[in-house]
Amino acid sequence: MIKLEKLSKIFETPNGGTVMAADKVSLEVAKGEICVLLGPSGCGKTTTLKMINGLIPKTSGKIHVAGRDTDTIDPVELRRSIGYVIQQIGLFPNMTIEDNICIVPDLLGWERSKARKRAAELLDLVNLDPSIFLKRFPKELSGGQQQRVGVIRALAADPPVLLMDEPFGAIDPINRAVIQDEFLRMQTELRKTIAFVSHDIDEAIKMADKIAIFRDGKLEQFDSPDDLLARPANDFIASFLGSDRTLKRLSLLKVSDVMLSGRIRVSAQDDVATARDMMKEAGHKNIVMVGPRGRARGYLHLNDVVEASGTVEEHYQALPTTVNVDADLRTAVSRMFRHDMTWMACVDDDGFFKGFITQRAISHQLGATYRDTPTEGLT
Amino acid sequence: METLVFISQNLDLIFERTVQHMSIVCVAIGLAIVTGVPVGILITLNQKAADIVLYIAAIIITIPSIALFGLMIPVLSLIGQGVGYMPAVIAVLLYSQLPIIRNTYTAITNVDPALREAARGLGMTPIQRLRRVEIPLAIPVVMAGVRIAVVMNIGITAIATYIGAGGLGAFISRGISQSDPRQLITGALMVSLLAIVSDYFLLWLQKRLTPASSSAPAGGH
Numbered sequence: 006m007i008k009l010e011k012l013s014k015i016f017e018t019p020n021g022g023t024v025m026a027a028d029k030v031s032l033e034v035a036k037g038e039i040c041v042l043l044g045p046s047g048c049g050k051t052t053t054l055k056m057i058n059g060l061i062p063k064t065s066g067k068i069h070v071a072g073r074d075t076d077t078i079d080p081v082e083l084r085r086s087i088g089y090v091i092q093q094i095g096l097f098p099n100m101t102i103e104d105n106i107c108i109v110p111d112l113l114g115w116e117r118s119k120a121r122k123r124a125a126e127l128l129d130l131v132n133l134d135p136s137i138f139l140k141r142f143p144k145e146l147s148g149g150q151q152q153r154v155g156v157i158r159a160l161a162a163d164p165p166v167l168l169m170d171e172p173f174g175a176i177d178p179i180n181r182a183v184i185q186d187e188f189l190r191m192q193t194e195l196r197k198t199i200a201f202v203s204h205d206i207d208e209a210i211k212m213a214d215k216i217a218i219f220r221d222g223k224l225e226q227f228d229s230p231d232d233l234l235a236r237p238a239n240d241f242i243a244s245f246l247g248s249d250r251t252l253k254r255l256s257l258l259k260v261s262d263v264m265l266s267g268r269i270r271v272s273a274q275d276d277v278a279t280a281r282d283m284m285k286e287a288g289h290k291n292i293v294m295v296g297p298r299g300r301a302r303g304y305l306h307l308n309d310v311v312e313a314s315g316t317v318e319e320h321y322q323a324l325p326t327t328v329n330v331d332a333d334l335r336t337a338v339s340r341m342f343r344h345d346m347t348w349m350a351c352v353d354d355d356g357f358f359k360g361f362i363t364q365r366a367i368s369h370q371l372g373a374t375y376r377d378t379p380t381e382g383l384t
Numbered sequence: 593m594e595t596l597v598f599i600s601q602n603l604d605l606i607f608e609r610t611v612q613h614m615s616i617v618c619v620a621i622g623l624a625i626v627t628g629v630p631v632g633i634l635i636t637l638n639q640k641a642a643d644i645v646l647y648i649a650a651i652i653i654t655i656p657s658i659a660l661f662g663l664m665i666p667v668l669s670l671i672g673q674g675v676g677y678m679p680a681v682i683a684v685l686l687y688s689q690l691p692i693i694r695n696t697y698t699a700i701t702n703v704d705p706a707l708r709e710a711a712r713g714l715g716m717t718p719i720q721r722l723r724r725v726e727i728p729l730a731i732p733v734v735m736a737g738v739r740i741a742v743v744m745n746i747g748i749t750a751i752a753t754y755i756g757a758g759g760l761g762a763f764i765s766r767g768i769s770q771s772d773p774r775q776l777i778t779g780a781l782m783v784s785l786l787a788i789v790s791d792y793f794l795l796w797l798q799k800r801l802t803p804a805s806s807s808a809p810a811g812g813h
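Residue numbers (the numbering used here), protein chains in the order written: chain S, 6 to 384; chain W, 593 to 813.
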């Protein structure tokens with residue numbers, strides 16, 4: 006959908022020198038994917054982004070957007086066909102929210118009523134009540150609300166491709182997380198092809214299907230977030246991703262990815278001896294007790310019931326915490342540490358017991374990627 | 593008291609000269625807006641041109657008005673208009689250039705670069721950007737320039753009576769030459785009053801023309 010071929014940009018400095026802001030950058034963003042251009046400031050990520058819609062003229066190379074060579078398209082027409090969101094939001098203070106959203110439809114000559122209807126739909130999409138917000142001016146909105154409008158303004162004419170230049174960079178961390186989640190939810194429906202500039206590694210991991218890491222105008226690595234974190238191509242990338250990059254992978258994995266089967270379980274009326282045998286047979290130190298319909302109710306610890314007799318009901322302990330199967334591992338590990346546990350029962354949205362995760366299984370999963378590559382094992 | 597009597601006995605004359613006065617100022621300012629605003633916008637395209645134009649406009653404004661009237665007599669005499677209405681209008685037109693050009697130029701160049709980038713990125717042509725974003729945002733500042741020009745030139749027009757342009761200055765010049773404080777005070781009073789009223793009127797107009805957002809308090813509902 007977006008394809009860059011050996012894209013370069015050379016800036017001339019006032020004292021006659023030249024700066025290579027982008028150096029033969031080649032990458033391809035598939036339809037419906039979010040590609041985050043990541044790197045320290047001055048690395049060429051923004052320059053690369055702005056060359057895609059021609060805001061910065063390229064020095065050499067080719068850009069294809071939606072299958073068309075951008076050299077063959079009038080820049081104004083090109084920009085109207087690509088959504089554009091900037092960090093400073095850039096809502097026009099002299100226009101109402103409605104008129105701001107309708108800019109591109111108006112430029113494209115849409116019928117007025119159709120454009121206005123679209124504006125109301127889009128406001129609904131980001132949970133801003135159209136009856137309140139359509140006629141307001143940008144100054145009357147909070148920063149987070151303004152950026153939501155900034156995003157839907159880019160979506161107004163339903164462009165297949167979106168360029169976003171640090172769109173959530175100016176928003177406070179709490180609101181940023183909310184807007185990111187909202188945006189990802191929208192994206193699962195809209196399936197836009199997005200190039201997204203960020204300098205925030207955590208944001209990149211959260212948002213990206215692919216991450217392109219830049220340094221000094223060069224594309225250093227182009228990979229999925231998990232591959233990037235597991236196998237940084239060089240020391241610069243490794244240090245940019247941070248020494249805790251393996252821990253960052255936790256947020257990319259779901260509990261269900263490492264969950265062990267919940268087939269082994271007991272109910273309240275079962276004999277403790279049976280539970281003991283089941284644990285010994287499976288080599289487990291703990292067993293989960295479920296209610297009549299399969300909800301996780303408590304557990305037995307092997308060492309506590311070595312000598313015990315009677316039913317499970319008489320000996321079980323309450324589960325200190327459980328984790329949802331759809332949660333990410335970061336949440337799970339954090340909860341495990343908080344309760345000083347080495348394992349945790351996993352439940353679905355209704356509390357039904359699905360399986361359990363262990364610290365061992367998690368570290369095994371994180372290590373698996375490294376073991377797959379022989380060279381990595383040596384370093 | 594004597595002055596009040598003079599005023600009450602000469603209301604017709606005062607009215608006539610006020611209209612004369614305002615017609616010079618209004619026509620000249622109108623022309624100054626029509627010329628100055630486009631010049632102010634055009635020079636935003638070129639820094640060097642902007643420097644030169646603003647420099648020339650600044651020089652013009654430093655010429656004493658009485659000297660400017662004097663300088664124009666031989667030039668305009670070539671078309672038979674050495675004295676009277678036309679040189680007065682031209683002088684006011686010239687004096688208005690600096691505040692109007694400079695304020696237009698400043699207003700346009702001070703438009704938030706983020707807005708300019710958003711406008712470009714969304715696919716506005718330079719003309720659309722100017723018309724939909726830059727000019728609407730520049731209006732309050734341009735209007736402030738117009739206000740300065742009007743108030744300043746109401747004063748300058750009073751001197752134009754010496755080249756036979758009439759207006760409220762006639763009371764002042766006669767008051768001086770005839771040692772008649774009644775005429776002098778009436779003239780001065782009317783000129784001040786006119787300046788104040790015009791200023792308030794333009795302030796009101798400025799607010800009316802300002803996009804709603806700029807006057808709305810931040811975060812207000």
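Source of the hints: derived by calculation from the structure; they are not laboratory data. Don't take each hint at face value.
What the hints assert, rightly or not - Straight-line alpha carbon distances no greater than 27 Å define the calculated DSS-like cross-link-like pairs of lysine-lysine that follow:
#1 S:K36 - S:K259
#2 W:K799 - S:K140
#3 S:K144 - W:K640
#4 S:K8 - S:K36
Hints and how they fare:
Our distance criterion of 27 Å between C-alpha atoms is met by K36 of chain S and K259 of chain S, whose separation comes to about 24 Å. Of the supplied pair hints, the one linking K799 of chain W and K140 of chain S holds, its CA atoms being roughly 20 Å apart against a limit of 27 Å. For the hint pairing K144 of chain S with K640 of chain W, the CA-to-CA distance comes to about 35 Å; that exceeds 27 Å, so the pair is violated. Between K8 of chain S and K36 of chain S, the direct Cα distance comes to roughly 11 Å. Compliance with the 27 Å bound is thereby established for this hinted pair.
Of the hints listed earlier, the one the structure fails to meet is number 3.
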